[in-house]
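Asks: Just so you know, the protein sequences line up as chains S and D, in that order.
Sequential numbering of the first sequence, starting at 213, is according to the working numbering.
Sequential numbering of the second sequence, starting at 26, is according to the working numbering.
None of the hints are false.
DMTMM-like, lysine to aspartate or glutamate: derived pairs with alpha carbons at most 20 Å apart:
1. Lys-129/D <-> Glu-222/S
2. Lys-81/D <-> Glu-70/D
3. Lys-154/D <-> Glu-327/S
4. Lys-154/D <-> Asp-246/S
Non-contacting residues of chain S with respect to chain D, defined by C-beta distances greater than 10 Å in every case (computed):
5. Ala-271
6. Thr-278
7. Ser-390
8. Leu-408
9. Ile-491
10. Gly-582
11. Lys-585
12. Arg-653
Hints are computed from structural coordinates only; laboratory data are not their basis.
Glycine included, C-beta positions come from ideal geometry on N, C-alpha and C.
The primary structure of each chain is shown beneath.
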Amino acid sequence: MEPLSLSRAEILAVLPAGFLFITGLIQLLSDLGDTSKNSRHEKTHLAMIGATGALVAFASLFVQGTLASTGELYAGAMTDDLFGRLGAGVIIVTSLFVTLMSGGYLSSSGNNKAEFHSLINFSAGAMVLLCQATNLVSIFVAIETLSLAVYVLAGFFKENKSASEGAFKYFIMGAFSSGFLLFGMALVYGLSGGSLSLSGIAASGASSDALFAVGVLLVLIGFAFKVGVVPFHSWVPDVYQGAPVLAVGWMAVAVKSASFFALCRFLYHSGGGAYLDQILVALSVVTMILGNLAALNQQSLKRMLAYSGIAHSGYLMIPVLVALSGNDLSIGASLPFYLCAYAATTLAAFGVLTALSVSTDRDNIGDLNGLAKSRPMLALGFTIALISLAGIPLTAGFIGKLMIFSDAIGAGFIQIAIIGILTSLVSVYYYLRPVVAMWFRDPRSSFDLIPAPWGVQFTVGVCGIATIFVGLFPDWLVELSRISVETILG
Amino acid sequence: MPTFLLLNSGIMWPSVAAGNLDLLSLTIFVILTIVVGAVLLILSELLGPRRRDPEKETIYECGVPLLDSAREPFTVKFHLVAILFILFDIETVFLLPYAVVYKKLGIVGLAEMGVFLLILAGGLVYLWKRGALEWD
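Start from the sequences and build out the full structure, keeping to the hints where you can.
Replies: Structure representation (structure tokens):
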């Protein structure tokens, strides 16, 4: 046996995740001197370390210096293609913004501990690995690592009863879904003749086997829990309402993006199996309808965004389905594009929610009354985010939905496209309710000024501008997404 | 490799093909083990003397006299100690297979184990500083 050696490409491939893990460790160790029970300092050094680490990790995405896939690295455990790097980019940028916002938010509730920052970075590192994973074991290990970190984040406010309840529910459901995932992986592994790597599974030609289809379906269920697809969504609203706003924003953007990137890679390699198309159609339709209808009557902004996130998972199933059934990966380009647009938009929305819940526990639509008069910039950013989520033109969300629905129509899934368009029309109602409250209602009292930490202002500003910019000039991102999905199969 | 003399001496064993000889000897060995064990247990049950006394009826606690019921609440700090024990126990478990292949893995393997141990050492520093090792 040759002595173990690492190629240059292998070392470069783990740099982004490695930098994130190291950043988390440094943050953890840098705050050991603080032994006080009640931490109300803003602790700018944690944000500085986190921001530096995220920027270095982001820069290291470019050092491989090639758009093409590097092929299989680490004996087939991971790869470093443009698809994985695009997902990693979304996650790293999200972690940067969450880090910048967390100082002001956590200190206001007396919970500013380094653990929050480092858990964000640990889970970010696991997500980056998940986007690059090309083998069943590395996919599972990455999912478990990120899940464990996010369970703790969801229950970070230990004194808060509803947060603990939500975190416990999330933990139980997550452990349950891991069981599905593992069972499915075992079936896929056995029926592909003992192949762990995704390319080996693709080459084994087992996809005509009915039991193989069951295995793929179980893996799909495992991922459906993570991204909140109906009927595996029941934990989403409770967890979103109880958990700290920033952890929710992190779950809504990063966990969902990483899971979709990995699901995409897995399904494109494993192939559909016999009945997968119909199951994907059913999941997507039910998710779009139920997510949007349930969001209509929510008074709590967090619950509304939870159901809206469920609905968006439904939209995101469409490109997976279309690309799988047509055997044409370039059709699936709308998925990475939509996830990038969704990340920018949702971060802006959760930035405003963070500002709203600094030092208070409020998240009702009525609490936004008159925000346009007191904090016009925050109100503008939130408005941009909401109309982008609703899919109104000139925003990134509109381009994303346009791509998804036109691809679906082009591939012959006209009914799905019609259901998607109708449900997004319904969604305009609940997305515009906060807009009306912000711009056309009077504030309850003139002393009721919502605080706005600098991190929140920065995030809402940058993400709002990015949403509009991608909405006006989408070509470069569309092209990047198209090239990236073509690198999936190497 | 042990083979039975009978089998080699030319007597035909109709149901046993040549390739299954090891399996046959193994089967006979397993059956013998079970039979001998069962016979010894049954004999001692039938023939052995039996004198009950209260000392013998108590729960076995490593020879120490029993204090009180085992179903008592105990401090949650034991839980933390147990978790920490598992953590560093697993560390040892990972080190043992490395000892078998450290020559094959070369300098890269050494570096990777170094990173692994460094991360665990960081964890130790963390929980030490956070006071997880203090009882009160």
